[in-house]
Amino acid sequence: MSDEVVIKVEEMNKFFPIKKNVFSRAHNFLHAVDRVNFEIKRGKVLSLVGESGCGKTTTGKTLLKLYEPTAGKIIFLGKDVTRLHSTEDKKWFHSKTQMIFQDPFESLNPRKTIFDIVSEPMNIQNFGSLKKRELMVMDVLKRVGIAPPDAFLWRYPHELSGGQRQRVAIARALVMKPEFVVADEPTSMLDVSIRTQVMKLMMELIREMNMSFLYITHDLAVARYMADEISVMYLGKIVEHSGSEEIINNPLHPYTKALISAVPIPDPEFKRKTVDIKGGIGKPIDPLPRCRFYERCPFAMDICAQKEPELLDVGNGHQVACFLYEKK
Amino acid sequence: MITLGSILEIKNFKMYYNTQAGKVKAADDISFSLNEGESMGLVGESGCGKTSVSMSIMKLLPENAEIISGNIYFNGKDLVPLSEEKMNEVRWAGISMIFQAAMNSLNPVYRVGDQIIEAIVTHEPNVTFEEARGRVANLYKLVGLDPERMDNYPHEYSGGMKQRAVIAMSLACNPKLIIADEPTTALDVIVQDTILRELDKIQKRLNMSMIYISHDIAVIAEVASKIAIMYAGKIVEMADSVTIFKKPAHPYTVGLMSSFPSIRGPKKELNMIPGEPPNLLNSPDHCRFAPRCPFATDECISKTPPYEEIEAGHLVACFHPQNLKRQVSANVG
Amino acid sequence: MTDSTDALVKEKLESPMSVRIKIMWRSFKENWKIFAQSKIGLLGLWIVIIFAVAGFIVYPILTATVWKSTSLNAMVSYNPITGYDFLTTNPAPPSWAHLLGTDPLGRDVLAELLYSTPREFMLGILAALITVFIGTLIGTVSAYFGGITDTFFMRLADIVLLFPFIPFLIVISGMMQVDLITLALIIGLLSGFGGITIILRSQGLIIKSKPFIESAKISGASDAYIIVNHIIPNVMPLSFLYMMFNVTGAIFSEATLSFFGLLNIKMSWGLMIYTADTAGYIVGSNIWNYWWLWLPSGAAITLLCGAFYFIGRGLDEVVNPRLRKR
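Chains as they are written, first to last, in the working numbering: chain A, 1 to 328; chain B, 1 to 333; chain C, 1 to 326.
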C-alpha cells in the first residue's frame, strides 16, 4: 500500500457567526472547528470520535466543501482545494469525494427511484452514456448486497428496509469510485444485526477500492473496529490522536479516558471504573483561551485556565493536547 | 398459580394489531415474571415488539390493538380485564414508565417542578401543594438534580437534566415497578453512563422492580440482573444476565453477542447475523429466526419451538439450543 | 406493491422511458387509492366531472342539434349572447322550450350556463396554474437561497397578502379592458406572490435541510439542479393541493367582479346575476318570483368552487399522511 496522502488538513477553522437577523453584523462566533490538523493516507480510515456538538460532523462537511472553511488549508491529492474557483476544479473535486449520511430515511430523496438516486452523481457530472450508467448502477448495487439489483432499480426508498436503504446510500456514494469518503455515523440508526453487516460491508469495500475514509462516530467501539487511526474531538478541538489500538488501550487525555470508561461493556460480571467528569458538553461560543475541557476535568491545574494546550507528540505518533503530558 | 414474591407475572400474553394488511403479532405468547426488587432487561431490535409489551403492561394501547389471550398479574391482580379508571389508579402509583425520547415528554410551557407536582396531586388528592413540593425537592436530590432548578422551564435544562427530571417524575408516586423504555438512547455516552448509574442506585435503594427495554445489550448488561431476548414478537431466551452472556443458548442470542464490537480485550472479527429482522405481519407458525439461523433444520420451519427450561432459570425457545460451553466458543470463534 | 414492481423488472433496462411511465402509473394508482377513501374528495371530483361534461360535451352537442337555428324555429335563438325568444314575454319561467327559463334579454338561461362553464374552468385553471408556477418558483428559490432574496420575497408576500384584492381589481378594470385571460393573469400574479409563496417556502425550508440535498451538493450539483430536481418535486404535491384551492378563489373573484359589471366579457355566471340585478329582478319579492334568473348561476358558482375545494380536501389526505385514517 502506498503512503500517498489523499487528504490533508492544516489549521482548519470553521466559525459560524451568530446573527440576530440577515442585516445585522455578527459579534459572536461559534467555534465549531478550531485549528484542526490531520491527514489520511490512501486506503486508510481515520475516525473522528466525540460527543454530539463537538464539531465532528462540521469537520467532515467542511472537508467536502459543504461549508467554506473560515481559515486553514485543505489539500486533496496534492492540490490546494480550500477555495475552488474554476468549474473544472469543482467537477474534479466533487467526482472524487463522497459522503454517507447517518439517517438512511432522510438521505434518499423519497420521490426518486433507486436508479435515479444511485445514478445521480454520474448524472450531475455528465458521466458516460445512459447505458453505461445503468451498467455501473447494477454493478455497484450488486456489490453492496442489493440482490438482484434489477428488482430494486425502479423501487422507491419507502419500499426498502433501513438496512437496504443504507446499502443504497453506500452504493450511491461509491458508484463513481471516489478517492475520499466521509461517513457520518452511517450505522448508528441501524439495528444491531444490520449494523454489523453494514460495518463489514464498508470494511470490505474500503479494502477492495483502496479508498480513504473519514469515519465520524460517537462510538469508540465502532471506531476501533473500523479505523486505523482515531482522533478524539472535544468542542471543536482534536484533543488526542493516535492509532486506534493505542488510543483504546492507552488513552492519555482525561476526556478520552472518560469516554472509554463510559462505554457500556456487554459483560455483566465486569465492573467499569466510574467516570468522574462533571456536567455536560457546552457550546464553544467565543471560547476563552484555555483548555476547553477545563471545567469538567478532574485533573485541572492552574495552567489549564491560562492557555490552550497544543496537540503535541508524546512518542510513537501518539498526540495529545493536555498539560499533564507537556513536560515529558 | 402466582409465584410468591413476584410483583409482575405475565402469562401466555398475546396482543395483535389489526391493520388493513392483516394481523401484526406484536406480542405472541409472552410469559415472564419479575420479583420484587428485581431488575430485568428486555432486549430486541426495533419492531420486535418490546415496546408493545411495555405498553400492554401499562395498557396504553392504540385502538387497533387487540389482546387475544393471556394475563398480566401485577401484585396478584390481573390487569387485562381492568377498566380504564381502575387502570389509572395502577398507572403512576403502581407502575410508572420512563418513555422513549423522554426529553420530549416534558411540556415546554410549564415549569418542570410543577409538572411533577401535578402528577403527585392528581394521583394522591389528599396531598397538599406544599407537601408535594417537598416531595419533589427530595426526588430532585435523589436523581442528582439541584432542587433550586424546580422552577425552571424544560428548555433551561440540558438533555441529561431533562432525563433526570423525567426519572424523578416517574418516581413521584412511589411506584413498585418502573418500565424504562430506551431511557438513554438519545444521550451521549458520558451522560448515558451517569444516568444508568443513577437509575441503578435508585432502584437498589428503593428496592423497586425495574424493566429496562433497549436494543443495546451492553446497556442492559450494566443494569439488569435478568435478561429476556425478544425476536419477532416472541421471547426467545430468558435467563439471569450472567448466563445470557456466558452461555447463550438461542442462536439469535449467540449471534447478537458476537456481533458487537467491543473496546475491551483484543480486537476481533465480528460475526454477523445474515438477513433482516422479519416483518411481524402475519408471522408464520414456525420458528421466526429459522430463515437467518445457521443451525436451522426442517423441524424449525414446520413447528414452533417450545419455550422450555433447559437448565434452572434458563428458558429457551429453540430446537437446537447451543447451551454447551464448548459448542458456543466454537461458534463464536 | 412488490408484485407489480417485479413485473416491471422484466423489462428492466430495455426502455427506461416506458418503465418510468409505468412507475408513474403505479404511484398514481397508489395515490388514487388514498384519495378514493375521502368521500368529500370524490364528491368534488364527481361535481367537476359533471360540469366538465356539461360544458365541454353536452353544450356543443346541444347547439349542433336541438338548439340549432332552423327555419322552423327562427323566432327562437339559443345563442347565449345574442339569442332572443320572440315567442314569450321575457324573462320567462322554465318551460319545455327553455328548461331554465329565459333572462330579461330573452336569452336561454341553460344555454348561458353551459356556454360559460368551459370559460369558468379555463379562468380558474389558468389563474391557478400561474399562481402555482410563481408560488413554487419563488417559494423554493427563497427557501433555498435564504438571506436577502428570501427577505425580499417574503416582505413582498406580506404586502401582497395585505393588499385589498377586490378594490384593486375594481380600479384595474376601470383603467383597462379586463377580459377573462387578463383577469386570470392578474389573479394568478397577485396570489402567486402572496400566501402560497409563504407556504411553499416553509415546505421548501424543510426539504432544504434534508441530507439528500447535501448529498447532491457533494456530488457537485448546481443550485439550479438542486432546486429543479430535489426541492420542486418534493413541494409539488403541496403546490398541486393549493392549486385546487386557487381555482376556487379565481372563480369567486370573477363572479364578484362580473356582478359589479366590471369585466369586459360577454357571458359568465357572475354576469348572469348582474344582468338580472340591473334589470331589477333581484329586488324585494322579485327574488323569489324570478328565481331562475339567479339561482342556476349562483348554484353553479357555489358548486364548482365547492367541488374544487373538496378535491383539495381529498388531496390533502394524499399529501399529508398524518391526516390519513388508519
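It should be emphasised that the hints constitute simulated quantities derived from the structure, not laboratory data.
Beta carbons are placed, not taken as given, at the ideal position from N, Cα and C, and that holds for glycine.
Incorrect hints may appear among the rest.
[Stated by the list, open to error] Subject to a maximum C-alpha distance of 30 Å in a straight line, what follows is the list of computed DSS-like cross-link-like pairs (lysine-lysine):
| hint | chain 1 | residue 1 | chain 2 | residue 2 |
| --- | --- | --- | --- | --- |
| 1 | A | Lys273 | B | Lys86 |
| 2 | A | Lys200 | A | Lys177 |
| 3 | A | Lys20 | A | Lys44 |
| 4 | B | Lys14 | A | Lys257 |
| 5 | A | Lys73 | C | Lys22 |
| 6 | A | Lys112 | A | Lys73 |
| 7 | C | Lys266 | A | Lys90 |
| 8 | A | Lys200 | B | Lys86 |
| 9 | A | Lys142 | A | Lys131 |
| 10 | A | Lys142 | C | Lys210 |
| 11 | A | Lys257 | A | Lys271 |
| 12 | A | Lys44 | A | Lys79 |
| 13 | B | Lys162 | A | Lys271 |
| 14 | B | Lys247 | A | Lys271 |
| 15 | A | Lys112 | C | Lys266 |
| 16 | A | Lys283 | A | Lys8 |
| 17 | B | Lys14 | A | Lys273 |
| 18 | B | Lys11 | A | Lys283 |
| 19 | B | Lys204 | A | Lys271 |
| 20 | A | Lys271 | A | Lys41 |
| 21 | A | Lys8 | B | Lys267 |
| 22 | B | Lys11 | B | Lys204 |
| 23 | A | Lys131 | A | Lys8 |
| 24 | A | Lys41 | A | Lys112 |
| 25 | A | Lys200 | C | Lys210 |
| 26 | B | Lys11 | A | Lys20 |
| 27 | B | Lys267 | B | Lys176 |
| 28 | A | Lys257 | B | Lys141 |
| 29 | A | Lys273 | B | Lys23 |
| 30 | B | Lys247 | A | Lys177 |
| 31 | A | Lys73 | A | Lys90 |
| 32 | A | Lys200 | B | Lys268 |
| 33 | A | Lys307 | A | Lys278 |
[Unchecked claim] Sample of chain C residues with no beta-carbon within 10 Å of chain A, all distances over it, derived:
| hint | residue |
| --- | --- |
| 34 | Pro211 |
| 35 | Asn234 |
| 36 | Val283 |
[Claimed, not checked] Some chain B residues near chain A, calculated using beta-carbon distances under 10 Å:
| hint | residue |
| --- | --- |
| 37 | Ser6 |
| 38 | Ile7 |
| 39 | Leu61 |
| 40 | Pro261 |
Taking the hints in turn, this is what the structure says about them:
Restraint check for Lys273/A and Lys86/B: the C-alpha separation of about 45 Å exceeds 30 Å, so the hint is violated. About 18 Å separates the Cα atoms of Lys200/A and Lys177/A, which keeps this hinted pair within 30 Å; it holds. Pair hint Lys20/A plus Lys44/A does not hold up; C-alpha atoms about 42 Å apart against a cutoff of 30 Å. With a C-alpha separation of about 46 Å, the suggested pair Lys14/B and Lys257/A falls outside the 30 Å cut-off, and the hint is violated.
Of the supplied pair hints, the one linking Lys73/A and Lys22/C is violated, its CA atoms being roughly 49 Å apart against a limit of 30 Å. For the hint linking Lys112/A to Lys73/A, the alpha-carbon distance of about 36 Å lies beyond 30 Å, and the restraint is violated. Restraint check for Lys266/C and Lys90/A: the C-alpha separation of about 59 Å exceeds 30 Å, so the hint is violated. Proximity of Lys200/A to Lys86/B is assessed by CA-CA distance (about 51 Å); at most 30 Å being required, the pair is judged violated.
Taking the CA atoms of Lys142/A and Lys131/A, the gap is near 17 Å; set against the 30 Å cutoff, the hint holds. Distance hint between Lys142/A and Lys210/C is fulfilled; the C-alpha atoms sit about 27 Å from each other, no more than 30 Å. A distance of roughly 16 Å separates the Cα atoms of Lys257/A and Lys271/A; the hinted pair therefore holds under the 30 Å criterion. Under the criterion of a C-alpha separation no larger than 30 Å, the hint pairing Lys44/A with Lys79/A is consistent with the structure, at around 19 Å.
The straight-line distance between the Cα atoms of Lys162/B and Lys271/A is roughly 27 Å, inside the 30 Å bound, and the hint therefore holds. The straight-line distance between the Cα atoms of Lys247/B and Lys271/A is roughly 19 Å, inside the 30 Å bound, and the hint therefore holds. Of the supplied pair hints, the one linking Lys112/A and Lys266/C is violated, its CA atoms being roughly 47 Å apart against a limit of 30 Å. For the hint pairing Lys283/A with Lys8/A, the CA-to-CA distance comes to about 26 Å; that is within 30 Å, so the pair holds.
Between the alpha carbons of Lys14/B and Lys273/A the distance comes to roughly 42 Å, so the proposed pair goes past 30 Å and is violated. Under the criterion of a C-alpha separation no larger than 30 Å, the hint pairing Lys11/B with Lys283/A is inconsistent with the structure, at around 50 Å. Taken as a hint, the Lys204/B and Lys271/A pair is honoured in the structure, with Cα atoms around 16 Å apart against an allowance of 30 Å. A distance of roughly 38 Å separates the Cα atoms of Lys271/A and Lys41/A; the hinted pair therefore is violated under the 30 Å criterion.
With a C-alpha separation of about 28 Å, the suggested pairing of Lys8/A with Lys267/B holds against the 30 Å cut-off. A distance of roughly 26 Å separates the Cα atoms of Lys11/B and Lys204/B; the hinted pair therefore holds under the 30 Å criterion. For a cut-off of 30 Å, the pair hint linking Lys131/A to Lys8/A is broken: about 36 Å separates their Cα positions. As the CA atoms of Lys41/A and Lys112/A are separated by approximately 35 Å, the hinted pair breaks the 30 Å bound.
Taken as a hint, the Lys200/A and Lys210/C pair is honoured in the structure, with Cα atoms around 27 Å apart against an allowance of 30 Å. The suggested pairing of Lys11/B with Lys20/A is violated, with an alpha-carbon distance near 59 Å, which exceeds 30 Å. With a CA separation close to 42 Å, the supplied pair Lys267/B and Lys176/B exceeds the 30 Å bound. Taken as a hint, the Lys257/A and Lys141/B pair is honoured in the structure, with Cα atoms around 28 Å apart against an allowance of 30 Å.
This hinted pair does not check out: Lys273/A and Lys23/B have alpha carbons roughly 47 Å apart, beyond 30 Å. For the proposed pair Lys247/B and Lys177/A, the alpha carbon gap of about 44 Å is over 30 Å, so the pair is violated. Under the criterion of a C-alpha separation no larger than 30 Å, the hint pairing Lys73/A with Lys90/A is consistent with the structure, at around 16 Å. Between the alpha carbons of Lys200/A and Lys268/B the distance comes to roughly 12 Å, so the proposed pair stays at or under 30 Å and holds.
At roughly 21 Å between alpha-carbon atoms, Lys307/A and Lys278/A fall within 30 Å of each other, so this suggested pair holds. The beta carbon of Pro211/C is not kept farther than 10 Å from every beta carbon of chain A, the shortest such distance being approximately 4 Å. Listed as outside the interface, Asn234/C is inconsistent with that label: its C-beta sits roughly 6 Å from the nearest C-beta of chain A, within the 10 Å cut-off. No Cβ of chain A approaches the Cβ of Val283/C within 10 Å, the least distance being about 56 Å, so the stated non-interface status holds.
Restraint check, Ser6/B versus chain A: the minimum CB separation of about 22 Å is more than 10 Å; hint violated. Nearest Cβ of chain A to the Cβ of Ile7/B: about 22 Å, over the 10 Å cut. The hint is violated. About 24 Å separates the beta-carbon of Leu61/B from the nearest beta-carbon of chain A, more than 10 Å, and the hint is not met. Interface restraint check: Pro261/B against chain A, minimum CB-CB distance 4 Å, threshold 10 Å, status holds.
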